[in-house]
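**Q** Take a look at the letters that make up each chain.
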Amino acid sequence: MDSPVQIGILALQGGVSEHRQHLAALGVAAREVRTPEALAGLHGLILPGGESTCLSRLLRLTGVGPALLQAYRENGLVLWGTCAGAILLAEEIVGETPHLGLMPITVSRNAFGSQLDSFQGEALVPTVSPKPIPLVFIRAPQIVGTHPPARVLLELDSYIAAVETDQALATVFHPELADDLSFHRYFLRKCGWQPAGAAPDRSRPFLAVR
Amino acid sequence: MSDDRYQLNVQLAQMLKGGVIMDVTNVEQAKIAEEAGAVSVMALERVPSEIRAQGGVARMSAPEMIQAIKESVSIPVMAKARIGHWVEAQLLEALGIDYIDESEVLTPADEECHIDKHAFKIPFVCGARNLGEALRRIAEGAAMIRTKGEAGTGNVVEAVRHMRTMNREIRELQSLPAEEVVPYAKNHGFSMDLAAKVRSLGRLPVVNFAAGGIATPADAALMMQMGCDGVFVGSGIFKSADPARRARAIVEAVANFNDPQKVLAASMNLGEPMPGIEIGTIPETQRMAERGW
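Chains as they are written, first to last, in the working numbering: chain A, 1 to 210; chain B, 1 to 293.
Hints are computed from structural coordinates only; laboratory data are not their basis. A few of these clues could be false.
Unchecked claim - Here are a few chain A residues that sit away from chain B, every Cβ distance over 12 Å (derived from the structure):
# : residue
1 : Pro4
2 : Gln70
3 : His147
4 : Tyr159
Unchecked claim - Using C-beta positions, here's what the derived DEER-type ranges look like:
#  : chain 1 : residue 1 : chain 2 : residue 2 : range
5  : B       : Arg199    : A       : Ala123    : 47 to 55 Å
6  : A       : Asp117    : B       : Arg168    : 36 to 44 Å
7  : B       : Leu91     : A       : Gly76     : 49 to 57 Å
8  : B       : Pro183    : A       : Ala29     : 36 to 44 Å
9  : A       : Leu156    : B       : Thr285    : 50 to 58 Å
10 : A       : Ala123    : B       : Glu180    : 43 to 51 Å
11 : B       : Glu284    : A       : Gly41     : 52 to 60 Å
12 : B       : Glu64     : A       : Asp117    : 18 to 26 Å
13 : A       : Arg73     : B       : Glu64     : 30 to 38 Å
Claimed, not checked - Just so you have them, the derived chain B footprint on chain A, three or more residues with Cβ under 8 Å:
#  : region
14 : 13-19
15 : 53-62
16 : 115-127
17 : 181-191
Predicted model only: the values in this text are computed from it and were never measured. Think of the CB as a built atom: it goes at the ideal place given N, C-alpha and C, for glycine as much as any other residue.
Working from the sequences, and respecting the hints, build out all of it.
**A** Structural data, given as structure tokens:
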């Protein structure tokens with residue numbers, strides 16, 4: 001591992017290996033989290049896409065839910081929820097009881113409709129990358145409201161797609177399904193990662209002068 | 001179906017990984033399944049064990065029943081079309097559900113061809129007994145594969161056989177010298193493109209669930225330890241003594257499949273499982289796994 005930063009992926013259900021592979025491409029070996037004990041020493045935890053109703057029940061049952069809330073409040077654990085993960089983080093869910101309820105955002109589940117309404121696109125998220133980032137929406141929720149201290153990272157037509165606070169990140173799309181590492185790199189930086197990958201980046205200009 | 005759409009359909013299945021998909025026959029069961037933590041429900045009029053017992057021709061379920069279930073839950077809804085019956089598939093797509101199972105549990109409509117799934121926008125899951133069958137379905141456009149097992153029996157032996165066969169054939173294909181790949185692909189009836197993909201990935205290029213005969217938390221964990229990405233449970237839940245409890249237990253067992261203490265805890269006090277059937281006692285003409293090719 002290039003960096004001492006310790007990153008976990010909640011591995012109770014959903015798209016776990018996709019996040020693991022993206023982190024591995026950045027030189028970070030992530031730990032799969034299925035028990036409260038596995039949270040020890042983590043700087044950051046990814047809550048992957050999956051089904052939020054299933055994940056919520058397993059978070060309660062395994063005790064990982066209360067433990068990660070505690071680690072978030074007391075140890076500065078940084079969280080990133082993608083799709084279902086973002087639903088788990090939200091303080092408010094339209095028409096439903098919230099789950100972890102720790103990000104000042106309101107989400108609306110299955111806001112686009114069924115799988116037939118899943119889609120992909122591309123957008124510029126200046127805070128995260130200077131280049132457009134591919135976006136994959138699968139039965140995605142929408143963020144329909146935010147409150148301070150949440151900062152909007154990406155707003156599309158009539159909804160918000162990415163939001164952050166100092167200690168949490170929520171994306172309703174799936175960066176782990178796209179061939180792009182920008183959001184994973186950004187999350188790792190939020191967790192205190194010093195990229196060893198910065199060295200090749202700095203050497204680029206010498207190769208690119210033509 | 002465009003390449004992008006196919007990719008999105010494969011990716012939805014990736015989000016179901018580590019989850020349990022449950023057969024339900026009405027709104028009440030669908031809600032029990034969702035509350036238990038199912039990642040998706042399969043809406044159908046009769047579970048496989050009833051189809052097996054009642055005989056006759058099993059068709060796509062009544063659309064109003066599927067629609068009522070779709071409106072009652074927030075998780076993805078699947079429904080079954082007969083093998084080769086593309087108009088049933090068109091109706092299910094028009095209903096706006098999330099996934100179609102082109103299923104051997106229903107009576108096949110075509111004994112020669114499966115549905116051309118590339119002609120659809122909606123994703124399909126198909127059953128398979130071996131690598132060749134899985135890759136033929138993928139070639140036709142399936143975005144997800146499941147073992148066939150022997151549905152409605154409460155007997156996991158066929159699902160184990162099918163998963164073991166797929167795993168063995170993937171290992172074989174990976175270990176072959178390049179010149180032996182062409183004859184292997186020819187003998188097993190799949191394309192060189194897909195052969196190359198499986199060789200580089202060391203697995204199917206789409207999510208692969210276990211299905212057909214899973215009745216207990218231990219059955220589900222067994223299939224997960226064999227390398228499945230998740231499980232379908234058909235008759236196993238709502239034909240048992242305490243469906244809500246068994247549904248929750250199977251979800252827990254799949255999430256913790258490598259932790260015997262947790263699978264044990266999930267297995268306590270579940271009441272009677274569904275009655276099982278010895279495969280050898282089923283006449284060959286009534287074996288559902290033999291349907292499709």
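**Q** All the hints need checking, so say for each whether the structure fits it.
**A** Here is how each hint holds up against the structure:
Distance check for proline 4 (chain A) against chain B: the nearest CB is about 27 Å away, which clears 12 Å, and the non-interface claim stands. No beta-carbon of chain B is positioned within 12 Å of the beta-carbon of glutamine 70 (chain A); the least distance is around 21 Å. At roughly 24 Å, the least C-beta separation between histidine 147 (chain A) and chain B is larger than 12 Å, which holds for a residue marked as non-interface. No Cβ of chain B approaches the Cβ of tyrosine 159 (chain A) within 12 Å, the least distance being about 18 Å, so the stated non-interface status holds.
At roughly 36 Å, the beta-carbon separation of arginine 199 (chain B) and alanine 123 (chain A) lies outside the given 47 to 55 Å, and the hint is violated. For the pair aspartate 117 (chain A) and arginine 168 (chain B), the supplied restraint of 36 to 44 Å holds, since their beta-carbon distance comes to about 39 Å. Distance hint for leucine 91 (chain B) and glycine 76 (chain A): a CB-CB separation of about 53 Å, consistent with the stated range 49 to 57 Å. In this structure the supplied range 36 to 44 Å holds for proline 183 (chain B) paired with alanine 29 (chain A), their Cβ-Cβ distance being about 40 Å.
Look at leucine 156 (chain A) against threonine 285 (chain B): about 55 Å separates their beta carbons, and that is inside 50 to 58 Å. Range check, alanine 123 (chain A) to glutamate 180 (chain B): Cβ separation about 47 Å, and the 43 to 51 Å hint holds. A beta carbon spacing of about 57 Å between glutamate 284 (chain B) and glycine 41 (chain A) agrees with the range 52 to 60 Å that was offered as a hint. Taking the beta carbon of each, glutamate 64 (chain B) and aspartate 117 (chain A) are about 22 Å apart, inside 18 to 26 Å as hinted.
Range check, arginine 73 (chain A) to glutamate 64 (chain B): about 48 Å between beta-carbon atoms, so the 30 to 38 Å window is missed. Counting residues of the region 13-19 of chain A whose beta carbon lies closer than 8 Å to any beta carbon of chain B gives 6, which meets the minimum of three for the stated coverage. Figure legend: the region 53-62 of chain A, annotated as covered by chain B; annotation consistent (6 residues with Cβ-Cβ distances under 8 Å, at least 3 required). Here the region 115-127 of chain A counts 5 residues with a CB under 8 Å from a CB of chain B, which clears the bar of 3, and the coverage holds.
Restraint check on the region 181-191 of chain A versus chain B: 0 residues with Cβ-Cβ distances below 8 Å, three needed, restraint violated.
This entry does not satisfy hints 5, 13 and 17, going by the numbered hints stated previously.
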